[in-house]
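Here the protein sequences line up with chains A, B, C and D, keeping their order.
First residue of the first sequence: 44, per the working numbering; consecutive thereafter.
First residue of the second sequence: 32, per the working numbering; consecutive thereafter.
First residue of the third sequence: 11, per the working numbering; consecutive thereafter.
First residue of the fourth sequence: 2, per the working numbering; consecutive thereafter.
Since the hints were derived computationally from the structure, they do not count as laboratory data.
Among these hints, one or two may not hold up.
What the hints assert, rightly or not - Below are the SDA-like pairs computed for lysine to any residue, each with C-alpha atoms no more than 20 Å apart in a straight line: (1) C:Lys-227 with B:Gln-140; (2) D:Lys-172 with D:Pro-114; (3) D:Lys-198 with D:Gln-214; (4) C:Lys-253 with A:Glu-52; (5) C:Lys-219 with B:Ile-126; (6) C:Lys-285 with A:Met-196; (7) C:Lys-92 with B:Ile-141; (8) C:Lys-223 with B:Ile-141; (9) B:Lys-346 with C:Pro-428; (10) C:Lys-223 with B:Glu-351; (11) D:Lys-81 with B:Asn-139; (12) D:Lys-241 with D:Val-199; (13) C:Lys-92 with B:Phe-353; (14) C:Lys-413 with C:Pro-428; (15) C:Lys-223 with B:Val-174; (16) D:Lys-81 with B:Ile-126; (17) C:Lys-227 with C:Pro-428; (18) C:Lys-256 with A:Ala-232; (19) C:Lys-219 with B:Phe-353.
Unchecked claim - Partner residues are not named here, just some residues of chain D that face chain B (Cβ under 8 Å, in silico): (20) Glu-17; (21) Glu-110; (22) Leu-123; (23) Ser-156; (24) Gln-171.
Remember, it's a predicted structure, so these values are computed and weren't measured experimentally.
Every residue gets a Cβ at the ideal spot worked out from N, C-alpha and C, and that includes glycine.
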Amino acid sequence: MFDGYTTSELMSIFAMQGFAGLSLFSVFVLMALGLAIIFGQMGVINMAHGEFMILGAYTTYLTSSAFQSYLPGLFGGYFFVAMLFAFLVCAALGAFVEWAMVRHLYRRPLDTLLATWGLSLILQQAYRTIFGAREVGVTLPDWMMGSIQVTDMVDLPINGLFVMIIALSIAIAVYFLMYRSGWGKKVRAVVQNRPMAEAVGINSAGVDRATFALGCGIAGIAGAAFTMIGSTGPSSGQAYIVDTFLVVVFGGAQSLIGTIVSAFGISQAQSTLEFFLSGSMAKVLTLLVVVGILMLRPEGLMALKIRR
Amino acid sequence: MKDSPVVKWFASREGLYYLALALLLVVVLPVMLDAFRLNMVGKYLTYAFVAIGLVMCWGKAGILSLGQGVFFGLGGYCMAMYLKLEASTPEATAIQSTPGIPDFMDWNQITALPWFWEPFNSFAFTLIAVIGVPVLLALIIGVAMFTRRVGGVYFAIITQAIAAILTILIIGQQGYTGGINGITDLRTLMGWDIRTDEAKTALYFVTVALLFVCLFAARLIQKRKLGRILVAMNTQENRVRFSGYDVAAFKIFVFCLAAAFAGIGGALFTLSVGFMSPSFIGIVASIEMVIFCALGGRLSILGAVYGALLVNAAKSGFSESFPELWPFAMGALFIGVVLAFPNGLAGLYQTYVMPLEERLFRRKPKTDGSQKAKATAPAQTPGERGKEYDPLIDQYSPEKS
Amino acid sequence: MGTTDSTANGRSFGKGTGLRKKLMTLAASMMLATSAQAATPPTSEVNTTGLAVTDDTVKVGILHSITGTMAISEIGSVQAEKLAIEQINASGGVLGRQIEFVQEDGASDWPTFAEKSRKLLRQDNVAAIFGAWTSASRKAILPVIEQFNGMLYYPTFYEGLEQSPNVIYTGQEATQQILASIDWAVEEKGAKTFYLLGSDYIWPRTSNKIARKHIDKLGLKVVGEEYYPLGHTQFNSVINKIKLRKPDVIFASVVGGSNVAFYKQMKAAGIDFTKESPLLLTISVTEDEIRGIGGENVEGIYASMKYFQSLDNPNNQEFVAAFKEAWGDDMVIGDVTQAAYLGPWLWKMAVEKAGSFDVDKVREASPGIEFTKAPEGYVRIHENHHLWSKTRIGNAQRNGQYKVVYETEDLMEPDPFPEGYQ
Amino acid sequence: MKAAKSKSKDFLLAVEGLTVSFDGFKAVDDLSFYLDPNEIRVIIGPNGAGKTTVLDLICGKTRATSGSIRFQGRELTKMKEHQIVHSGVGRKFQTPSVFEDLTVFENLEVSYPQGHSVMGALAFKRDLAVVEEIESVARTIFLEDMLEQPASLLSHGQKQWLEIGMLLIQKPKLIMLDEPVAGMSVVERKKTAELLKVITREHTVLVIEHDMQFVGDIADRVTVMHQGKVLSEGSIEHVKSDPKVIEVYLGH
């Protein structure tokens, strides 16, 4: 299939394809980080994760409308404000959901799956009632929609770069929060041994709520970022849920590093296959490979070997 | 006659539950409803097959599959392939560029029937495939997963991924599968027009009959040691393993059983609705099937039947009067059942209705429940022990699920 | 002719200054007027098959998804059909009877469509159904509607390969939409190479099959053909392939949420559609879709449809005004919405031509029906139950509207089973 | 280490060079020991010495990194758990793990060594022989009056006995018990010791225990483990007087 192209053309395409893989990678990382915290660290199967992302996207939409109406001069920078709002709104809803629903189900992980699925139905219909069944168009500041021309053929999309930067910064922030801060220690203590953590004076209910809220908040930021590359509609969130869970499970549920490694592996596989095959077959093959590897190695890529 | 075990069983409390269901499905509903509504009930009942399988697989053995739609769909597709071939006679498809093959193949420039369609010309093969294909896939998945001890949440997510893969595959290979439209416009079964009211009513009764076959099969398993081991496995997998059981084999068995039930349900669905499409294979359909089971009571096979009936009836009813509210109601149902009634309808029945029954039964001391005490004749003992084991009276411990 | 009269009344409604209340009073006075003037034919004459027709009302069904993933697309059709029914009622109804509609939700689920269509035909005994959107939902309804001899008015542009006596297809079938647009791209824009891209289901695949045959016939070249699963949101790889193969035209039939991702990512990858290199020609992006994608992301693309909201003719101006008045100023109207609006009118005219609500008579009366007041201009029902209509090319503007740059001179003949394209 | 003689058919169980490591940490390190038929062997050792891991390795719950476990001449390290059980090894866990949803009778019935395949379990009939066997075991474990009780209603000690009973009914040759008297009252302890005495008439028993009093009551020989290795082995008096043992264990 590469007949008749010059070497420089091919080099450019490979460079662009590498970039495509990287930007898919950052999309996966963004999707999966919030879930890795909620599912990996807390064991809650949050099927409404996609809906939290879309809530972030709608928040961005509202923020952009507000800026257009009231602060048109600052429109270029609204996105940062929107991400903050998205985080706060989603975290607040997350905290509420944890309080009302999830905390009763910590010992029944499969039941969290059903309850959060119910939540996702309700959220979807709520979006439909509030924002209408149609997708909303989120207007982006012009500087975000362009591309940087590196060579004649190589254009790097700015929004792709931007998503990458967000993904990277959030991944680093989460890493420091979970592994380098006192709060992270508490979270891990609660995850590993709840009664013991309580015995040493950790408010485990508070930690749970904050952790769940954090995971939802990150989903919100992901949703905000996805307005740049995807659609914002009541049921857009469902498109992400299978991929997201596979990324987290494939990485080894309890390992954040594993999540990143698996996001990298899956995204590279998918984007390479997409280049050579049709989109549908690429997707099927990628999923099959992931499921196949999971069958051989159920604990995921980076599971801790624990002495039980 | 009076002493025949069958009569005795029907007079027992458990027997009465089955009688009540039979009465409802065979007499009350057909009398009350017109052919159209009865056909809808028949469609709901095809979901009950999946729900019974889920009770065995999830409620009893603790294996939550989010891919039951896959097996339902495969059973349905097998039946649909047979019916489609019957409908695609060279005369009926004369306007096609290749007459005699299903219309969607013609649209996709396929000029000969693909090899894997050929056997579906045979009705006998189709009947075997309806159960065989889902069971075979379940066997492959089961062997791969359970021998490697994949369980719980991981199993749920992997089955979900399998549902996603199959959906994309079926939609993508539309020349062979009918794509997103599915296999439509099915008319006759061995020359018998399945679209008429009479046929639909007849199919309804076939569905009810097969449903009871599956119910009794599930009940038999529950009553046997096999059923006890399934429950035991759910709570103390290691103890079962170190009591000398090959846990994986039992899990594979119950997963295949659930797949077989789902396949039967799917085939009946195709017959009663008249087409099959990939939307039954997907994740949404699969999760909805879990809620039928959860609402009815995840430990009760009878509850599962009522669950499937009620959720679907509510869905139709609600969406006729308040279409916008339906998703809210459905969502609330999920959350409510999980939070407030983890045992579903069967659990509620057990808590509120059974005490009343208890009083009724106590006035008549000559029912079988009174033989609880160790019988003096040792020959009696083996049979009588465990007779109190009722599907509805199972203890449920949510934290172990 | 009754037909012209009633549409004229419809126009007066469209221009009407305001509120629904006014509409209602208008409708009421209209009713009085008709019943006083023209004698309404007795029910026993116009309804011999047990449809839900009384001396002053007739029941029809509206069957679209208002929940689930397809609600996004189908709501516009519901709105258009309701508007048409209101206008028809305001103008005196059909054979002197007011239309009552029973609305059912297909819930984006094909069996539900089948179930609800059975309900409409068996329980509600509706005289006609306006509904379905996706091919899959139509395929699900089709056996039911043929079995119980109902009448379906189906609004969406679709893949063809179908011709049911019980369906009137008010949208375009694939050849109408595709052939003219490729000819246009070749003649006006000098296109030589094409890249075909679509969502993975029957309509894009059939459309691309027709496009490919036509391109072959013209002696030109298809340099890529590609399908993505519905709901797919990552298009970077295909964008790279497009950059590598440098087609003159990207012929796109991506649908739903994927659209948004596709156009945003194209734009971000530095492809400026206004430069027309490559030129993007779509058959799936109506004004409705642009609202979700964002006008700035599709500025410069070309769409081939039979209707654009910006069409400059008096019929359309009235229609757009009435639609906005009924459903809000921020509404946009796409091709399918307009086609859905035709349904009730075409049915009314067929009923009045037949002088009966009986489905068989309505079917017989349908071919040859002309609707001169159609927003798209003029349409006529073909023997094959599809519509004769013009095909137009629109150029997308930043404000989300299309500017019509080309229109076929003659009406395109509908050809659901195109010879040589199968 | 008097058991330095190499493999001989006389041993019921011969563990040689057994090693398992978790991510580099060797929980059991080149461990060897041998059990004679009908012996009661107690393994003691400080926390983390690898005692429970040894039982896990023998019954197949954990897979050895290297080394061999021969039981009546058959290599266990390559067998599946249920095959190990069928070859005659029974194992009781530290925390009582009985089926709380089932009655005592059913608990014992599930363990009855028949109908272990799927189809077998479907066809399994509760005949007179089964009932008699269950009743006899129930007498041994002091639960003959509680057969119809759900296991969830039993006391902690009774659950421990029930689990031992579930092992007995399998008729294993080797019974492995992990801290069988932990959490028991004084009376229950005494009864358990009695029970073990009865059991050893027909079985070889391998016990992990902390309670030195109890160890003294029952043990034929004692193996002391420390950091995954055998520190000392012999009679209770022998190990009690071994200075290495005193230093790491008894001295605390």
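Tested hints:
1. For the suggested pair Lys-227 (chain C) and Gln-140 (chain B), the alpha carbons sit about 18 Å apart, so the restraint of at most 20 Å is met.
2. Using a Cα cut-off of 20 Å, the hinted pair Lys-172 (chain D) and Pro-114 (chain D) holds, with the two alpha carbons roughly 8 Å apart.
3. Between Lys-198 (chain D) and Gln-214 (chain D) the alpha-carbon distance is near 15 Å, which keeps this suggested pair within the 20 Å criterion.
4. Among the hinted pairs, Lys-253 (chain C) with Glu-52 (chain A) is consistent with the structure: their alpha-carbon atoms are about 10 Å apart, no more than 20 Å.
5. With a CA separation close to 19 Å, the supplied pair Lys-219 (chain C) and Ile-126 (chain B) stays within the 20 Å bound.
6. Pair hint Lys-285 (chain C) plus Met-196 (chain A) holds up; C-alpha atoms about 16 Å apart against a cutoff of 20 Å.
7. Pair hint Lys-92 (chain C) plus Ile-141 (chain B) does not hold up; C-alpha atoms about 42 Å apart against a cutoff of 20 Å.
8. For the hint pairing Lys-223 (chain C) with Ile-141 (chain B), the CA-to-CA distance comes to about 16 Å; that is within 20 Å, so the pair holds.
9. Restraint check: the Cα-Cα separation between Lys-346 (chain B) and Pro-428 (chain C) comes to about 42 Å, which exceeds 20 Å; the hinted pair is violated.
10. For the hint linking Lys-223 (chain C) to Glu-351 (chain B), the alpha-carbon distance of about 45 Å lies beyond 20 Å, and the restraint is violated.
11. For the hint pairing Lys-81 (chain D) with Asn-139 (chain B), the CA-to-CA distance comes to about 51 Å; that exceeds 20 Å, so the pair is violated.
12. At most 20 Å may separate the alpha-carbon atoms for a hinted pair to count; Lys-241 (chain D) and Val-199 (chain D) exceed this at roughly 26 Å.
13. Restraint check: the Cα-Cα separation between Lys-92 (chain C) and Phe-353 (chain B) comes to about 18 Å, which is no more than 20 Å; the hinted pair holds.
14. With a C-alpha separation of about 30 Å, the suggested pairing of Lys-413 (chain C) with Pro-428 (chain C) is violated against the 20 Å cut-off.
15. A distance of roughly 47 Å separates the Cα atoms of Lys-223 (chain C) and Val-174 (chain B); the hinted pair therefore is violated under the 20 Å criterion.
16. Distance hint between Lys-81 (chain D) and Ile-126 (chain B) is unfulfilled; the C-alpha atoms sit about 62 Å from each other, more than 20 Å.
17. A distance of roughly 14 Å separates the Cα atoms of Lys-227 (chain C) and Pro-428 (chain C); the hinted pair therefore holds under the 20 Å criterion.
18. Between Lys-256 (chain C) and Ala-232 (chain A) the CA atoms are separated by roughly 56 Å; this puts the pair beyond 20 Å, and the hint is violated.
19. Only pairs whose Cα atoms come within 20 Å are accepted, and Lys-219 (chain C) paired with Phe-353 (chain B) is rejected, the gap being roughly 42 Å.
20. Given the 8 Å rule on beta carbons, the hint for Glu-17 (chain D) is violated: about 23 Å separates it from the nearest Cβ of chain B.
21. Taking 8 Å as the C-beta contact cut-off toward chain B, the hint placing Glu-110 (chain D) at the interface holds, the least distance being around 7 Å.
22. Taking 8 Å as the C-beta cut-off, the interface hint given for Leu-123 (chain D) holds, the closest approach to chain B being about 5 Å.
23. Hint status for Ser-156 (chain D): violated, given a least beta-carbon distance of 18 Å to chain B, over 8 Å.
24. Given hint, Gln-171 (chain D) at the interface with chain B, holds; its Cβ is 6 Å from that chain's nearest Cβ, closer than 8 Å.
Hints 7, 9, 10, 11, 12, 14, 15, 16, 18, 19, 20, 23 from the earlier list are contradicted by this structure; the remaining hints agree with it.
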